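Build out the structure end to end from the sequences listed, making use of the hints.
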Amino acid sequence: TQSERRVEMSKLNTTRFTILGVVVLCAALLTSVADAAKPYRERIPIGGGPYVELPGEFEFCPASIAPTGVSVEVVGGNHAFSQFENGVSTVTGRHVDRFTNLDNGTSVILELQGRTVVVPHGDGTSHATLTGVLGFNFYPGDVGPGDMTVGRTYVFTGSVDLDFDSSGVVVAFSSNARMVDVCALIA
1 TQSERRVEMS KLNTTRFTIL GVVVLCAALL TSVADAAKPY RERIPIGGGP YVELPGEFEF
61 CPASIAPTGV SVEVVGGNHA FSQFENGVST VTGRHVDRFT NLDNGTSVIL ELQGRTVVVP
121 HGDGTSHATL TGVLGFNFYP GDVGPGDMTV GRTYVFTGSV DLDFDSSGVV VAFSSNARMV
181 DVCALIA
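Taking the working numbering, I'd label the letters of the sequence shown as residues 1 to 187.
Just to be clear, a hint being listed does not mean it is correct.
[Unchecked claim] Distance ranges between label pairs, derived from CB positions:
(1) Ser64 / Pro39: 34 to 44 Å
(2) Arg178 / Glu85: 28 to 38 Å
(3) Asp123 / Pro67: 16 to 26 Å
(4) Asp181 / Gly141: 13 to 23 Å
(5) Ala187 / Met148: 13 to 23 Å
(6) Ala63 / Asn86: 34 to 44 Å
(7) Val88 / Ala184: 16 to 26 Å
(8) Val88 / Thr68: 30 to 40 Å
(9) Ser159 / Ala187: 25 to 35 Å
(10) Val169 / Val52: 17 to 27 Å
Worth flagging that the hints you see were computed from the coordinates, not collected in a lab.
Model, not experiment: these values are computed from the prediction.
Glycine included, C-beta positions come from ideal geometry on N, C-alpha and C.
What follows is the structure, encoded as structure tokens:
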């Protein structure tokens with residue numbers, strides 16, 4: 001039931017972070033910093049979305065679990081994005097999201113909080129370190145837990161390190177975190 005899923009997610013404790021923060025972070029990496037003398041800072045708005053993933057696009061969950069797609073909506077929190085003169089970016093704070101399986105209507109609320117630090121490299125690659133209780137979406141082809149041929153979304157409690165190639169594909173993944181499969185929660 002949905003209440004059992006909420007109880008399962010509440011067991012994930014205090015520090016959480018989610019995929020939408022990472023999406024915003026990656027998009028912000030492409031923007032320029034107006035004032036190089038001090039970091040660019042911006043609060044990430046609450047109420048974003050819903051963002052709908054349809055099968056065959058950037059999948060949050062495999063089509064076998066959500067044949068008609070997944071909706072993600074920011075429903076609460078207080079988090080911010082910062083970009084520094086050296087190109088390093090951070091997202092910190094609390095982020096509350098609702099993931100809904102559009103096929104069966106099953107939803108789960110993820111109360112996420114943590115910190116993501118992205119360090120770009122001169123060749124266009126980057127390294128991200130995510131700490132806390134956080135969510136991350138692996139797209140088909142990304143190295144990470146689960147079946148690499150499909151999209152999959154997890155909540156991690158602990159630390160995650162990711163390396164991205166110049167096109168944004170995850171090419172290396174390591175973690176000491178406890179992991180919960182979000183797709184299984186909304187199956």
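Right, here's what the structure says about each hint:
1. With their beta carbons about 43 Å apart, Ser64 and Pro39 fall inside the hinted range of 34 to 44 Å.
2. The given range of 28 to 38 Å is respected by Arg178 and Glu85, whose C-beta atoms sit roughly 35 Å from each other.
3. Restraint check, Asp123 to Pro67: a C-beta distance of roughly 39 Å breaks the suggested window 16 to 26 Å.
4. A hinted range of 13 to 23 Å for the beta carbons of Asp181 and Gly141 is consistent with their spacing of about 18 Å.
5. Ala187 and Met148 have their C-beta atoms about 19 Å apart, which keeps the hinted 13 to 23 Å range intact.
6. Under the hint 34 to 44 Å, the C-beta atoms of Ala63 and Asn86, about 41 Å apart, fit the expected range.
7. Checked against the given bound of 16 to 26 Å, the beta carbons of Val88 and Ala184, roughly 34 Å apart, lie outside it.
8. Checked against the given bound of 30 to 40 Å, the beta carbons of Val88 and Thr68, roughly 39 Å apart, stay inside it.
9. Restraint check, Ser159 to Ala187: a C-beta distance of roughly 27 Å satisfies the suggested window 25 to 35 Å.
10. Between Val169 and Val52 the beta carbons are some 22 Å apart, a value that agrees with the proposed interval 17 to 27 Å.
Hints 3, 7, counting from the list given before, are not met by this structure.
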